[in-house]
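Novice: Each chain is listed here by its residues.
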Amino acid sequence: MNPATIALIQLLNVAVPGGILLVKDIIDLFHKYPGLTPDQFLAIVKEVVTKADATYDATIAEILADQAAHKTP
Amino acid sequence: MKLQRSKLSALVLVLIMTSCAAKNSTTPSTPANVQMASLSKALADALSTASKSVITLRDNGTISQKETLDVQGYILVAANSGKQMDAQLVSASDWPTQKAAIIKIWTTAGLSTAKSQLSPTAGVILDTIINVVNQILAAVGGPAI
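So the protein sequences, as listed, match chains A and B. The first sequence begins at 1 in our numbering and counts up one residue at a time. The second sequence begins at 1 in our numbering and counts up one residue at a time.
What the hints contain is simulated information worked out from the structure, not anything from laboratory work. Hints may be right or wrong, so weigh each one.
To be verified - Label-pair ranges, simulated between beta-carbon atoms:
(1) Gln67(A) with Thr49(B): 10 to 20 Å
(2) Leu69(B) with Ala58(A): 15 to 25 Å
(3) Lys71(A) with Ala138(B): 31 to 41 Å
(4) Thr62(B) with Gln67(A): 16 to 26 Å
(5) Ala61(A) with Ala42(B): 36 to 46 Å
(6) Ser64(B) with Lys46(A): 37 to 47 Å
(7) Glu47(A) with Thr113(B): 31 to 41 Å
Fair warning: this is a prediction, and the values are worked out from it, not measured in the lab. Using N, Cα and C, we set each Cβ at its ideal position, and we do this for glycine too.
Please take these sequences and the hints and turn them into a complete structure.
Specialist: Next comes the structure, spelled out in structure tokens:
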């Protein structure tokens with residue numbers, strides 16, 4: 001296995017939590033997201049999670065504000 | 001000799017990749033963490049909608065303030081559980097460890113017992129949340145709640 005392939009698999013192992021990837025998994029990744037580098041792939045996952053977190057935070061803030069406004073004296 | 005072996009290894013790898021690609025090119029699977037990240041965003045959106053709905057129902061007199069507080073309590077639990085799941089998804093743990101942690105997060109959140117304490121109107125709001133949570137649990141091989 002050439003150094004570039006080893007580096008690629010190491011990067012994919014960081015990008016995809018699942019331990020050692022099979023060749024099939026690597027192929028699936030590149031078919032599903034053609035042209036993406038492992039770093040770009042990981043960045044997309046993180047971006048989606050960050051957006052989800054921001055939505056969770058906004059909902060929590062909305063509820064706490066509503067509860068504060070409707071607090072019975 | 002070493003260079004030839006290296007070239008041979010690369011060739012074998014290419015052949016394996018090509019043969020597998022031919023078999024799998026029609027139905028590539030979505031990587032697990034991409035699927036989970038998408039489901040987390042779907043849950044976050046569902047919770048946001050639920051939060052707005054319960055406030056509207058309270059403001060137009062359909063449900064009581066007490067029931068509003070109950071539903072909001074469950075939305076807060078689900079939102080905080082969602083944030084815990086997100087933290088797992090970007091952690092350095094391997095996928096089996098993440099899956100086990102995600103199942104534990106949702107099965108201990110107490111959302112399934114919550115519905116029995118609500119009126120049908122408020123229960124419908126919780127149903128939408130439980131539906132997405134069950135999609136998450138199905139994706140990690142956990143039990144439905």
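Novice: Does each hint hold? Answer for all of them.
Specialist: We went through each hint and held it up to the structure:
1. Gln67(A) with Thr49(B): 10 to 20 Å: Since Gln67(A) and Thr49(B) have Cβ atoms about 18 Å apart, the given range 10 to 20 Å holds.
2. Leu69(B) with Ala58(A): 15 to 25 Å: 19 Å Cβ-Cβ, so the 15 to 25 Å window holds.
3. Lys71(A) with Ala138(B): 31 to 41 Å: Holds, since Lys71(A) and Ala138(B) (Cβ atoms, about 39 Å apart) stay within the stated range.
4. Thr62(B) with Gln67(A): 16 to 26 Å: Distance hint for Thr62(B), Gln67(A) holds at roughly 18 Å.
5. Ala61(A) with Ala42(B): 36 to 46 Å: 20 Å, violated
6. Ser64(B) with Lys46(A): 37 to 47 Å: 41 Å, holds
7. Glu47(A) with Thr113(B): 31 to 41 Å: With Cβ atoms ~35 Å apart, the hint holds.
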